[in-house]
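Peer 1: So you can see what is in the structure, the chains are spelled out below.
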Amino acid sequence: MIKGKRGWIREEVPRIILAVLVVSIIIYGAYLLYSSYGNQENQKAKTFIDSLEGKINALEDGESNEFTFRTAKGWTLTSYSKQDAKVPDKCFGKGCICICNIDCSDVKSCNVDSVLSSCQDTGYCRKINVENVKVNNIVLETSLGGDSFYQNYSYKGFSVELERISISKGDKIIITSNDESISVGSGAGSG
Amino acid sequence: MENKRGELTSQQVILLVLVIASFLIALFFFYNIVSDDYSEDELCKLSVLGRASTSSSIKGNIPLKCTTEKICLTSESGGECEQFAGEEKFMKVELPKNNPQEVADIIEKVYAESLYSCWKAMGEGRLDLFGTSEIYTSFLPGALSSTLDFFKGKDVQPTCVICNRIAIDEDFIYEDKKNKGSGLKGYFVQSSTKVDIHDYIEKNGPGGSLSYLQVFTDKQITKYPQEFLDKFGKENPNGGVIDEVGIIFIQIINKGDPFKTKEWGESLSAVGANGALIGGLIVVGAFVVNPVGSVIGLVGILKTAVAVGGTTAIISAFKDSQQNAISAGYCGQLNSPKAKQVDEGVYGCSFVRPFDYDNINEINQVCKNLEGNP
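Listed in order, the protein sequences are those of chains X and U. When we follow the working numbering, the leftmost residue of the first sequence carries the number 1, and every step to the right adds one. When we follow the working numbering, the leftmost residue of the second sequence carries the number 1, and every step to the right adds one.
Everything labelled a hint here was simulated from the structure, so no lab data went into it. Owing to the predicted nature of the structure, the values given are computational and were not obtained by experimental measurement. Hints may contain errors.
Listing some non-contacts, in silico: residues in chain X with all C-beta distances to chain U over 10 Å [stated by the list, open to error]: (1) Asn65; (2) Lys94; (3) Thr122; (4) Asn129; (5) Asn132.
Covered stretches of chain X (in silico footprint by chain U; criterion: 3 or more residues with CB under 8 Å from a CB of chain U, positions within the stretch not fixed) [to be verified]: (6) 55-61; (7) 157-168.
Glycine residues also receive a C-beta, built at the ideal position from the N, C-alpha and C atoms.
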């Protein structure tokens, strides 16, 4: 009986080791593929915010220009000024631009708090050498009554691959983008 | 030795080891290519080949390591292209200061080389690079005769790669770049009117004996057909100045064998193509010069070759701005791991086309997804 057990161990252990090895490799491969997808998204966001920071720095004081940017679809651009009451920790003490992993392409689906929370957790932020930085996302809203008015949001969710964004640099930096027009039920919350 | 039930045979073990080894090699290939060892161009080509040889379901996870090449055309040695402000790694091409013809020659050369290098890097449009897992793939033979509007709303996602961005220094274009209304510089106007990309593509090549026109049309066309020359002049009908152009590779995929359908046969006869491929195309505006020299409508090609939604955006993009912009294209079966099984081959159309890079609506309309690095 003991001899039988030894024989079983001699036969089965290599197979078990092989099976564990194969399963581990497959799980590792799947993990790599999954993380690769996530990395691509994060890399896009980082590249975007670096590019925006680069263009802000390249502009001279008093200068403004409009640029085409490769965006990060499903992410949101926002900004924080030094005097803002609520800012992500990584923006403390200076003006700051952030791209955060929250989809605000429908402006109504977000608010400043949800964007801040996302920026705190998953955002890529860059401090700017100006105290006041402002993202203006200008949206033409039409109420049920037919009245149209422009609403200004302090965050811009990206739903397309390319965006035209204008940057104005002076005492403060204003980053402006025009969103699609939307229809709203009544009134509108501002970002 | 007697093979007990459930025991691995030596053949199975060897097979298993080979599978694991190839899996590890593939992982190494995709994730551990050290950038320093390869040029950006080589990295791009390697990743394109990697994509093309990978199953559709995981193509999206294999990073396409193609970085947009940025070219700044400037007339001064210290000149900068504002379009690339704050961006790293762009190439400067100096334009001569008092020779409009030479300026035109350089612009034509940069443009043609960019189109060609993009086309080559992307496997000449013949590789299935983006897969079909996320797009609507059912082939609709019965709907081929319907208008393209019929297909609107189907979940087809043409995918693009921005191979090059070619910008012209605003100092070269405007009298005063801070006040663009001040007018264009006379030297720029003189130079730009001499630019004739069509002619350059017909008379020059990437090296060797073939012209760009021949390379793009499977060596079939050496001269533009008269019908083409009659249709397209040298003037840009929309006027205006485009200070930055994006050379963009577009691929739209269809599944199934369209050549088995009666409509395809008729369409192929109509465009003068025989065999299993339409092959390499030259597209100008919304017209196509096919490998046998016929000038045909792009609508007809796309309608038959792709036959699913998403084509409307491409057609309108080709028809709208820059009607004289010249592009290379390919429609037919794409090389894919599935292509060996005839019934499951992947079919589609690929184009490499210049876009006004500031006209984002047009690009966004066509490119629902953009891949590669900015």
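Peer 1: Taking C-beta pairs only, is Asn65 of chain X more than 10 Å away from all of chain U?
Peer 2: Non-interface label on Asn65 of chain X violated, nearest chain U Cβ at 6 Å vs cutoff 10 Å.
Peer 1: Evaluate the condition: distance from the CB of Thr122 of chain X to the nearest CB of chain U exceeds 10 Å.
Peer 2: Answer for Thr122 of chain X: holds, closest chain U Cβ roughly 20 Å.
Peer 1: Report holds or violated for chain U covering the segment 157-168 of chain X, Cβ cut-off 8 Å, minimum 3 residues.
Peer 2: Contact hint for the segment 157-168 of chain X vs chain U: holds, 5 residues under 8 Å.
Peer 1: Regarding the assertion that Lys94 of chain X does not contact chain U, is the least Cβ-Cβ distance greater than 10 Å?
Peer 2: 18 Å, holds
Peer 1: Quick one: work out the minimum CB distance from Asn132 of chain X to chain U and report holds if it exceeds 10 Å, violated otherwise.
Peer 2: 20 Å, holds
Peer 1: Closer than 8 Å Cβ to Cβ for three or more residues is the test here. Does the segment 55-61 of chain X pass it with chain U?
Peer 2: holds (count 5)
Peer 1: Would Asn129 of chain X pass as off the interface with chain U, using Cβ distances and a cut of 10 Å?
Peer 2: Holds, since 14 Å exceeds 10 Å.
Consistency with the previously given hints fails for number 1 only.
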